[in-house]
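Quick note, the working numbering runs 834 ahead of the 1-based positions in the sequence shown.
One or more hints might be untrue.
To be verified - No farther apart than 20 Å at their CA atoms in a straight line, the calculated lysine to any residue pairs in the SDA-like style are these:
no., residue 1, residue 2
1, 875, 859
2, 881, 870
3, 841, 858
4, 875, 889
5, 884, 871
6, 872, 854
7, 841, 859
8, 882, 864
9, 882, 870
10, 884, 873
11, 884, 874
12, 884, 863
13, 881, 864
14, 875, 888
15, 881, 871
16, 875, 863
17, 872, 886
18, 875, 860
19, 875, 858
20, 882, 869
21, 886, 876
22, 875, 865
23, 841, 857
These are calculated hints, taken from the structure and not from any lab test.
Note that the coordinates shown come from a computational prediction; the quantities given were computed from them, not determined experimentally.
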Amino acid sequence: MFMEIGKSILFGIYAAIGLYLLYRAFFSRNPQQEEYEKLYKEIIHSKKYKVKSQYDKD
Numbered sequence: 835m836f837m838e839i840g841k842s843i844l845f846g847i848y849a850a851i852g853l854y855l856l857y858r859a860f861f862s863r864n865p866q867q868e869e870y871e872k873l874y875k876e877i878i879h880s881k882k883y884k885v886k887s888q889y890d891k892d
């Protein structure tokens with residue numbers, strides 16, 4: 835009885851570890867992609883790259 839419970843708990847732990855490793859393998863972020871997103875966000879939100887229009891009083 836206790837042996838079966840222990841085996842099922844170990845099986846659950848191994849399954850969770852396996853799912854985590856699969857997640858990290860397929861959904862890990864690429865360092866170049868992170869750098870690109872950081873630069874993209876900087877360009878979008880920065881006043882340095884803002885296009886001035888006739889309504890801007892700057």
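Do the hints match the structure? See the list:
Restraint check for residue 875 and residue 859: not satisfied, since their Cα atoms lie roughly 26 Å apart, outside the 20 Å limit. Taking the CA atoms of residue 881 and residue 870, the gap is about 19 Å. The hint holds against a cut of 20 Å. At roughly 26 Å between alpha-carbon atoms, residue 841 and residue 858 are farther apart than 20 Å, so this suggested pair is violated. For the suggested pair residue 875 and residue 889, the alpha carbons sit about 24 Å apart, so the restraint of at most 20 Å is broken.
For the suggested pair residue 884 and residue 871, the alpha carbons sit about 18 Å apart, so the restraint of at most 20 Å is met. Restraint check: the Cα-Cα separation between residue 872 and residue 854 comes to about 26 Å, which exceeds 20 Å; the hinted pair is violated. Distance restraint check for residue 841 and residue 859: the Cα-Cα separation of roughly 27 Å exceeds the 20 Å cut-off, and the hinted pair is therefore not satisfied. For the proposed pair residue 882 and residue 864, the alpha carbon gap of about 27 Å is over 20 Å, so the pair is violated.
Only pairs whose Cα atoms come within 20 Å are accepted, and residue 882 paired with residue 870 is accepted, the gap being roughly 18 Å. Taken as a hint, the residue 884 and residue 873 pair is honoured in the structure, with Cα atoms around 15 Å apart against an allowance of 20 Å. For the suggested pair residue 884 and residue 874, the alpha carbons sit about 13 Å apart, so the restraint of at most 20 Å is met. Distance check on the hinted pair: residue 884 and residue 863 sit about 29 Å apart at the alpha-carbon level, beyond 20 Å; violated.
For the proposed pair residue 881 and residue 864, the alpha carbon gap of about 28 Å is over 20 Å, so the pair is violated. Using a Cα cut-off of 20 Å, the hinted pair residue 875 and residue 888 is violated, with the two alpha carbons roughly 25 Å apart. Distance hint between residue 881 and residue 871 is fulfilled; the C-alpha atoms sit about 17 Å from each other, no more than 20 Å. Between residue 875 and residue 863 the CA atoms are separated by roughly 17 Å; this keeps the pair inside 20 Å, and the hint holds.
Taking the CA atoms of residue 872 and residue 886, the gap is about 23 Å. The hint is violated against a cut of 20 Å. The suggested pairing of residue 875 with residue 860 is violated, with an alpha-carbon distance near 25 Å, which exceeds 20 Å. Restraint check: the Cα-Cα separation between residue 875 and residue 858 comes to about 25 Å, which exceeds 20 Å; the hinted pair is violated. A hinted pair counts as satisfied when its Cα atoms are at most 20 Å apart, and residue 882 with residue 869 qualifies at roughly 19 Å.
Distance check on the hinted pair: residue 886 and residue 876 sit about 17 Å apart at the alpha-carbon level, within 20 Å; holds. The suggested pairing of residue 875 with residue 865 holds, with an alpha-carbon distance near 16 Å, which does not exceed 20 Å. With a CA separation close to 24 Å, the supplied pair residue 841 and residue 857 exceeds the 20 Å bound.
Hint compliance for this structure: hints 1, 3, 4, 6, 7, 8, 12, 13, 14, 17, 18, 19 and 23 are broken, all remaining hints hold.
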